[in-house]
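Peer 1: Sequence:
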Amino acid sequence: MKILKDVIAGLPEAERKAVEARTATLVAEEMTLRDLRRALAVTQEQMAETMKVRQANISQIERRADLLISTLRQAVAAMGGSLDLVATFPDRPPVKIAGLGDIG
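Residue 87 in full-length UniProt numbering sits at position 87 of the sequence shown; the count goes up by one each step and never skips.
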């Protein structure tokens, strides 16, 4: 039985890069906070240290369905990213909303 990793490694470079790019796009389209943290190889302990909270708090944040924007922004920043809030409407271009949940 072939392992997917080996099959992809055996592809021509251009095809392999196309597969990797499409995979990254699909993964980036929707992830839970926990999935994102794991994909970035960041531990709950590392996030807790950066956010100056306990590891248990990170676990709670990852399980919540409703977060303050500032909390989500802090969590994303603790993983090395930044959070942009974008509103989408039919027949209009997306609008980036500024000034919400700023943490300084």
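What the hints contain is simulated information worked out from the structure, not anything from laboratory work. As the structure is a computational prediction, the values presented were derived from the model and not from experiment. Accuracy of the hints is not assured; some may be wrong.
Unchecked claim - Here are the computed distance ranges between Cβ atoms for each label pair:
(1) K5 - V42: 33 to 43 Å
(2) R63 - A87: 22 to 32 Å
(3) D66 - G10: 41 to 51 Å
(4) G10 - I97: 44 to 54 Å
(5) R38 - V86: 17 to 27 Å
(6) L11 - K52: 40 to 50 Å
(7) A77 - V7: 32 to 42 Å
(8) K17 - G81: 17 to 27 Å
(9) S82 - S59: 36 to 46 Å
(10) L4 - R38: 14 to 24 Å
(11) D91 - A9: 38 to 48 Å
A virtual CB, placed ideally from N, CA and C, is assigned to each residue, including glycine.
Peer 1: With 32 to 42 Å as the target window, see if A77 and V7 comply at their CB atoms.
Peer 2: At 37 Å between Cβs, range holds.
Peer 1: Given the hint of 17 to 27 Å, check if K17 and G81 actually sit that far apart at their C-beta atoms.
Peer 2: holds (23 Å)
Peer 1: For D66 and G10, compare the CB-CB distance with the range 41 to 51 Å and indicate the outcome.
Peer 2: Once the Cβ atoms are compared, 45 Å apart, the range 41 to 51 Å for G10 and D66 holds.
Peer 1: G10 and I97, beta-carbon distance inside 44 to 54 Å?
Peer 2: Cβ of G10 to Cβ of I97: about 45 Å, so the range 44 to 54 Å holds.
Peer 1: Taking 33 to 43 Å as the hint, is the beta-carbon distance of K5 and V42 inside that range?
Peer 2: violated (22 Å)
Peer 1: For the pair S82 and S59, does the Cβ-Cβ distance stay inside 36 to 46 Å?
Peer 2: Given about 23 Å between the Cβ atoms, the range is violated.
Peer 1: Quick one: are D91 and A9 within 38 to 48 Å, going by C-beta?
Peer 2: holds (45 Å)
Peer 1: Using the Cβ atoms, figure out if L4 sits within 14 to 24 Å of R38.
Peer 2: Cβ of L4 to Cβ of R38: about 18 Å, so the range 14 to 24 Å holds.
Peer 1: Check the following: the C-beta atoms of L11 and K52 are separated by a distance inside 40 to 50 Å.
Peer 2: Given range 40 to 50 Å: holds, Cβ gap about 44 Å.
Peer 1: Given the hint of 17 to 27 Å, check if R38 and V86 actually sit that far apart at their C-beta atoms.
Peer 2: Since the Cβ atoms of R38 and V86 sit about 24 Å apart, the hinted range of 17 to 27 Å holds.
Peer 1: For R63 and A87, compare the CB-CB distance with the range 22 to 32 Å and indicate the outcome.
Peer 2: holds (26 Å)
Violated hints for the displayed structure, listed by number in ascending order: 1, 9.
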